[in-house]
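Following the hints, position chain G against chain Z.
The listed protein sequences correspond, in order, to chains Z and G. Going by my numbering, the first sequence opens with residue 3, and the numbers climb by one from there. Going by my numbering, the second sequence opens with residue 76, and the numbers climb by one from there.
Don't read these hints as lab results, they were simulated from the structure. Just so it is clear, the structure is predicted and the values come from calculations on it, not from any experiment. The C-beta atom is built at its ideal place from N, Cα and C for all residues, glycine as well.
Simulated restraints, written as ranges between beta carbons of each label pair:
| hint | chain 1 | residue 1 | chain 2 | residue 2 | range |
| --- | --- | --- | --- | --- | --- |
| 1 | Z | Lys72 | G | Arg89 | 47 to 53 Å |
| 2 | G | Ile135 | Z | Ser9 | 19 to 25 Å |
| 3 | G | Glu137 | Z | Lys112 | 34 to 40 Å |
Straight-line alpha carbon distances no greater than 30 Å define the calculated DSBU-like cross-link-like pairs of lysine-lysine that follow:
| hint | chain 1 | residue 1 | chain 2 | residue 2 |
| --- | --- | --- | --- | --- |
| 4 | Z | Lys57 | Z | Lys80 |
| 5 | Z | Lys102 | G | Lys145 |
| 6 | Z | Lys75 | G | Lys132 |
Partial chain G-side listing against chain Z, Cβ under 10 Å, derived:
| hint | residue |
| --- | --- |
| 7 | Arg84 |
| 8 | Phe108 |
| 9 | Gly115 |
| 10 | Gly133 |
| 11 | Asp134 |
| 12 | Met163 |
| 13 | Leu165 |
| 14 | Lys178 |
| 15 | Leu179 |
| 16 | Phe180 |
| 17 | Gly184 |
The primary structure of each chain is shown beneath.
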Amino acid sequence: AQTVTQSQPEMSVQEAETVTLSCTYDTSESDYYLFWYKQPPSRQMILVIRQEAYKQQNATENRFSVNFQKAAKSFSLKISDSQLGDAAMYFCALTSGTYKYIFGTGTRLKVLA
Amino acid sequence: DVKVTQSSRYLVKRTGEKVFLECVQDMDHENMFWYRQDPGLGLRLIYFSYDVKMKEKGDIPEGYSVSREKKERFSLILESASTNQTSMYLCASSSPGTGLREKLFFGSGTQLSVL
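Only chain Z is shown next, with the shape it has when bound in the complex:
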């Protein structure tokens, strides 16, 4: 069975600072994809960043980057220069070529002015 674990229910960060959200996963598949989705108060989930398991290079999207440790099955999200608009629920997700996406339980990020 595939699992995704987010052990931090809530995190806080000062505006302009850097924060890292943790995610660990388990899968027996060799080919899989990992995602971070953001759910703001508007409730509409949007994709933040995606990582292909076969790629060694960590994905980056502007202020967002991941630390993908394949052997440790770890996929953390780093947000640099945090902004008030980054406040949201963040979900880590895994898919391995089926229709199924496995989501973690989410981390609520608060950004303090």
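Frame of chain Z, contents of chain G only:
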């Protein structure tokens, strides 16, 4: 931009009522999904559809059914609503054209309360 529209943002129903949650996407996506979101449990897949009139059970299909008569519309049906179905329901769509790892596009969710 892809738009996934869920017909209701908030819904209050009585126990035993038949409930329809509607979802429409405007990007000709083949795949559509219904998830349930509960605090501390993340998102759980109820049903998905990969083509018109095709459907597959997800992890928690009990008490739900779905309908996909047209490609753009995917409906979730609660045959006889119960209080334990009070939850946030999220619809999503994706296109398998670039592989099933393509990102999901989500609607804004329907917060359903069953009294």
